[in-house]
Amino acid sequence: MTPDMPSTGYSINRQVIIEFHKTIFDMEVSRIEKRFDELWPITRSITGPGFRKSLKILQEDIPLEIESIPSGTKVFDWEVPPEWQIHDAKLTGPDGTVYADINETNLAVVNYSAPVDTHLTRDELEPHLHTDPNLPDATPYVTSYYNRTWGFCLPHTVYEDLPDGEYHAYIDSEFDQDGVLNYGHTVLKGETDKEVLLSTYLCHPSMANNELSGPLVLSSLYRQLEQWDHRKYTYRFVVVPETIGSLSYLSQHGDHLANNIVAGLVLTCLGGPNDALSYKRTRQGDTLIDLLVENLDRYSEYEFEIRPFTPTGGSDERQYCSPGFNLPVGQMARTVYGNYDSYHTSHDTKKFMSIDAVSESVARIEYLLKLLEYSERYENVKPYGEPFLSKYDLYTSINSPETRSNSTDDIKNDQEDFLDKVRILLNYSDGTNSVVTIANRQGRCVDEFAPVIRRLQREGLLEVR
Amino acid sequence: MTPDMPSTGYSINRQVIIEFHKTIFDMEVSRIEKRFDELWPITRSITGPGFRKSLKILQEDIPLEIESIPSGTKVFDWEVPPEWQIHDAKLTGPDGTVYADINETNLAVVNYSAPVDTHLTRDELEPHLHTDPNLPDATPYVTSYYNRTWGFCLPHTVYEDLPDGEYHAYIDSEFDQDGVLNYGHTVLKGETDKEVLLSTYLCHPSMANNELSGPLVLSSLYRQLEQWDHRKYTYRFVVVPETIGSLSYLSQHGDHLANNIVAGLVLTCLGGPNDALSYKRTRQGDTLIDLLVENLDRYSEYEFEIRPFTPTGGSDERQYCSPGFNLPVGQMARTVYGNYDSYHTSHDTKKFMSIDAVSESVARIEYLLKLLEYSERYENVKPYGEPFLSKYDLYTSINSPETRSNSTDDIKNDQEDFLDKVRILLNYSDGTNSVVTIANRQGRCVDEFAPVIRRLQREGLLEVR
Amino acid sequence: MTPDMPSTGYSINRQVIIEFHKTIFDMEVSRIEKRFDELWPITRSITGPGFRKSLKILQEDIPLEIESIPSGTKVFDWEVPPEWQIHDAKLTGPDGTVYADINETNLAVVNYSAPVDTHLTRDELEPHLHTDPNLPDATPYVTSYYNRTWGFCLPHTVYEDLPDGEYHAYIDSEFDQDGVLNYGHTVLKGETDKEVLLSTYLCHPSMANNELSGPLVLSSLYRQLEQWDHRKYTYRFVVVPETIGSLSYLSQHGDHLANNIVAGLVLTCLGGPNDALSYKRTRQGDTLIDLLVENLDRYSEYEFEIRPFTPTGGSDERQYCSPGFNLPVGQMARTVYGNYDSYHTSHDTKKFMSIDAVSESVARIEYLLKLLEYSERYENVKPYGEPFLSKYDLYTSINSPETRSNSTDDIKNDQEDFLDKVRILLNYSDGTNSVVTIANRQGRCVDEFAPVIRRLQREGLLEVR
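Protein chains in written order, with my numbering: chain A, 2 to 466; chain B, 2 to 466; chain C, 2 to 466.
Just so you know, the hints here were simulated from the structure itself, not pulled from any lab data.
Predicted model, so just to flag it, every value in this text is computed and none were measured.
Because identical chains share one entry, a pair is satisfied inside a single copy or across any pair of copies.
Cut-off 27 Å, straight-line C-alpha distance, at most; resulting in silico cross-link-like pairs (DSSO-like, lysine-lysine):
1) K383 x K75
2) K75 x K392
3) K233 x K371
Produce the entire structure from the sequences given, and follow the hints as far as they go.
Shown next as structure tokens:
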């Protein structure tokens, strides 16, 4: 069982999040690490057996249904590429030294390389070699999904010492025109059909922050949300290969999403040393989840780095937020792609990412989703005049100097503060103001209102709009 | 006769208000003081003979119709309570000393106390005693309308010296289930059916700023507005017991108000030492009267303290602004409840309030209402091209260096300034912009435009939208 | 042939404008000066032979159709005045000295003076004399179109030394009730019926900045725009007498303009020493051309002085922006009326105005109009997901450290920058955002997007909304 929100109704602070994290994750951390170690060595790509095997490992924690889309299927302006399978890849030098070997690291070969078995000079080899001069010890991650070519990736230091002479480039790969692209998804039913989308991608091979952190956070969130007493929203969990996977998902489920989702998050880069979560706004920019993140950042100690929406970088939110769909989907990250040196290299390891950072991200996002359930519009059932609060035991019926609400005392006692929030919610809940809007107008954090909302719902004074 | 607005058309300054005040109130001050002295000693509550008697005294100045609503009537979520009548109340100590006596001050008994005639120990008496420790010499004002109990109020200094022994608590009161709740109202017809609501409450016993100032300002405003040459709006004057009274009024007249009122003010706490009037916005926040008050505060020397709307404190505006009605009703005060120590105690006296402050509030609010009549939208009758101003003698027909309107001179003469305002009003009065909006855009005070509007209406160039 | 926009797609800077100017105007400057010299000496007014003759001179450069409206025609609230013709005007002193002579300067007589042939004393003459004391050497420009009077204008220094004695005032003018008011106009067809209005006025006699600069810029713009490869918009060129002329034009073409124009400029005061162009907003304030000018001013080195709209001063934009029409018409000037001493006097000469400044204004406004053609809303033809950019050769298909778009390098190479703009345009072009809005949101200048728009249109990915 996960703890419910603090009953005091005061604004969350750093400590609340830390406690929330501790309570839940003492056991979970070891499970997450175990799963990481299973997923790490697999040679994944946007299609192929590595991706399928990885989805099956995730099924230990989340009941994903695995779907297949045949190669060659039209997906909007795109086409599902042939399935890629790779059996071996090795670059051998004139002296017999193996300079790149998929068995050492699966980043050693350009992802989606065509097969090759040829001998060639150092000069002929040059255009097929990739390094990262800014991180000379690391093997970079290079892909070429839609332009048929082949290549090897190696540390810049190794590259600089390559001898002259004849090399043997050997890549045993194949493109299966009768193959498939796979994705996994599942739904956790709530009280309403309104959905929250949680989407991540699993195509990257042996890299940790980008991108085993995303699938690990997603599957852990499933385990947490499954235990909630009640869920107002239905939660949809989606694991795809990046870009072509979310496009495929939209081609099959886009209309459903457009009709049902109230909020969504692409989960990516959720480990790493950054302290705060880093949120990229939805394209619309002011949807419920945008406003909630802003409210927490501004009026509690739960801080975020908030980035504007942009279609020039990022991940699957670019597809969910393409103008034809324009879904209310943001992106939640922590140490963001491009903001750390080891991005897209062999240096993006478990050590850099840290299992603890991943589990803390789970706790923070779970808390955010809990608040999201209280953030939408409610409607005062008795909007003509103020309700007679004494009848619901919400009012101290004697108005003496100690209880009067116009007191100038700086410190209002809990009861007065509760009564203030009752009146604020009843007055502004006219079906047009969301709780986030109301909280913002008061300069308060949304989580202060959650316990009051529960009470007013119980008294029959407030209903979900 | 009240003076019309200054004909110069320049922005009001402190002096204008002061002169306005002087002209009107030389005679009025003594009338107001006389009425205050008649109303002060009456034991009022939200129902009962004291409230009725007070309404009748107000009828000397304003032709209020007095209405009755039977006890037990359902009013939205509320019910009109039984009528309360009190004949005597006395707390006698073991030594025969009378420690609280309604004949000394009608605050000595908890308002709406149940009858009691009993002997009890000091300890048994304790929960029935109320004091204000922050103001130990004062008797606090305590009410318990909807929770049947009884009690006495006394200075904290007296309370602290109460001897041990047997006390005699005696309250001769009754609850009449066949009684009524009363309110008074009247209407001053204007040229249109659009209404301005002026509402105040009269239920408080012997306190001055809160709340004899409100009814005194309301009845004085009636006397002033009655004398206006013409009234564009119809003015509705309402005197109720607080909360249950405005709820009752809304239950009977809410639809009418919703269809007709363009602005409204709850009048309360209009005496006291504060220099500026203190305005609490309507719930909508940007209605005509909100914008007008802002305009005056920003662009003239007529300053206001402007408070945001809140449902957590205040008076009947909370009912008028409940979400089902959401009327454009603000609250006008001066030294506001909760902002002065003597609030809701026996120290809130005529001396604290001051008759002069009350009469100055009348002058200021009357001036505000005068401007309100010019603040709404007008429509240019000849919107295609500029009208031919020479025809209306609004233009100097010779365009020489001395009269040209593009002059760079800092000091434009009156004629040029008048012409500028003619052009501004004609250009922007397209039926969507109110005069306040136009004035704000120009960084000018609304009262600069009033004489120009009158002229343009006379020429048939501008009409009320 | 005029040069197209710079192909690099980087933000315009001062140099771009200067080069643009040089390329075009080496030949044009002498043509403009020739035309100026022809127009300068003519005695113009709002009606009459001088105005007609001037229109015919402009026809050398722009195929204006000349229209006539009979005197006495009702024009909204106005009436076309009788045609004014003047043959001679002379003020002779007691000593035989001629103190004012239309043959010396046509400003010497009040424009629209009634005929007079009378002898009168110095005192009787006084109300008929006009000077500009602030510029004592200059003859002021005075008009009296609608108030039948007569008068002479002379330098204040001359006026101060006028001797006593009998003067002879002689004005040989006539008012022809069967005359006409003239204006000229022509249309340069574009690909769509959407129109851009360019309007100027020609009624001022011998003054240079105000107002031969306007007609000279207008006719030069015609010559430039005629040479464009393609015009998205249709351009309407209008030359009127000020105020009564634009009113007349609106009375005949107002409905057409209201239905078709997307932007417009009144051209006036376009010479003089000011460095930047000075733009007066449309009444609406946020139309396409307002936003474009703001964008250039903020995000390029092409600076503007931006003035708010006001109906209190200015020119024909006051008629185009009267509330009944409310057209998206701004005013483009440089050294603005009222901002220079020689305004409306004989000191407003070719030397003050400078032909070079006029020709530079042409270059700047032409550039602005070019950008305007790319500033409106476009629509992404493939809005579901991102288009598959590789198919259109818009994407580098291999994602290696050197090409990835999340690079942290400060300096993105041109290809990446181009790709960013492709994605930005495709994502935000949903039919609601104009290119100016998109550019503003990115903090970039509109002209950076123009080459990308052309490319995307060619690929069939973007179309005009």
